[in-house]
Amino acid sequence: MFDRRRFILGSALALGITPARGATLVRHPQSEAEGHGDGAEHYPVRLLRMALARSGHDYALQPTAVMMRQNRALAELQAGRVVDVLWTMTSQTRERDLLPVRIPLDMGLIGWRLLLIRRSDAARFGAIRQASELQALDALQGHDWPDADILRANHYKVQTASDYAGMFKMLESGRVDYFPRAVFEVWHEAAAFAQQGLVVAPGLALHYPSAFYFFVKKSNAALAAAIQRGLESMLADGSYVRLFQEYFGEMTARSTLGARRVFELRNPLLSAATPLDRRALWYHPVR
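If you read the sequence shown in the working numbering, its first letter stands for residue 13, the second for the next number, and so on.
Just so you know, these hints were derived from the structure itself, not from any lab.
Each hint should be verified, as a subset may be incorrect.
Unchecked claim - Here are the in silico distance ranges between beta carbons for each label pair: (1) M79 - A148: 31 to 39 Å; (2) S132 - V274: 23 to 31 Å; (3) E201 - A285: 30 to 38 Å; (4) W157 - A135: 22 to 30 Å; (5) S185 - A285: 39 to 47 Å; (6) M79 - A134: 30 to 38 Å; (7) V253 - S185: 17 to 25 Å; (8) G270 - A87: 34 to 42 Å; (9) A139 - L37: 51 to 59 Å; (10) E53 - V253: 13 to 21 Å; (11) H200 - D161: 22 to 30 Å.
Here the structure is a predicted model, which means the values were calculated and not measured.
Just so you know, even glycine gets a beta-carbon here, dropped at the ideal spot from N, CA and C.
Put together the whole structure using the sequences plus the hints.
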């Protein structure tokens with residue numbers, strides 16, 4: 013059962029209220045929802061809160077005072093300064109430098125990619141049948157995203173940028189041909205940039221095995237173990253899958269992944285310790 017007392021405790025911290033005596037403070041990067049102050053709770057934050065409530069120890073979550081780019085958050089975590097835990101796409105480098113909790117937050121949905129394109133190119137993309145046709149076009153990714161290296165390792169052409177808002181302008185202006193985005197990102201972005209003529213490419217998807225993990229500092233094994241215990245508890249009673257469906261069920265249904273032409277990519281960044289054999293941890297489209 014969800015621990016309401018710990019939920020209130022974490023919410024109080026976000027308002028600057030001192031945590032209850034005995035609770036361990038856990039600092040995480042401020043999410044977009046927290047930055048906007050609209051009352052919505054970001055999925056990773058809610059999952060973390062629920063997992064820690066089942067860990068057997070009192071924890072209080074606190075977002076950072078400001079939002080920070082991924083590279084800075086990773087550096088802060090590794091140095092043990094203002095971040096105790098974050099969530100990000102895994103890679104061998106990140107698993108070497110930090111301590112991962114190897115249960116994917118997103119059931120591997122981060123590796124299911126739909127393509128954001130210009131509306132005027134919809135027919136061209138709809139006619140693609142072979143991976144080589146897509147490899148001949150220019151994809152767009154963030155300069156510090158592991159996805160860029162994955163695409164390049166599979167012979168896809170990639171241009172990178174660091175400014176998130178500017179990336180959509182690059183696509184709109186024709187500097188790149190398509191922008192692969194995770195299923196849980198693409199529909200919101202397509203709606204946000206519909207007036208700029210951006211749409212989801214029909215009939216296509218990319219897939220590579222990957223995962224979002226919670227990461228902590230290498231020396232913080234106690235926090236990693238607590239998160240692991242909580243997530244395993246949620247998996248056992250079905251609340252993990254229920255939460256996933258609450259946040260992502262509509263998006264996965266809309267994406268009709270089982271009916272698309274899916275180009276499979278290998279992921280050379282994936283650690284050999286990735287629990288790919290635990291089927292319950294991964295999303296499987298209905299075909």
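Run the structure past the numbered hints and jot down the numbers of the failing ones, going up. The structure conflicts with hint 7 only, although it agrees with all the remaining ones.
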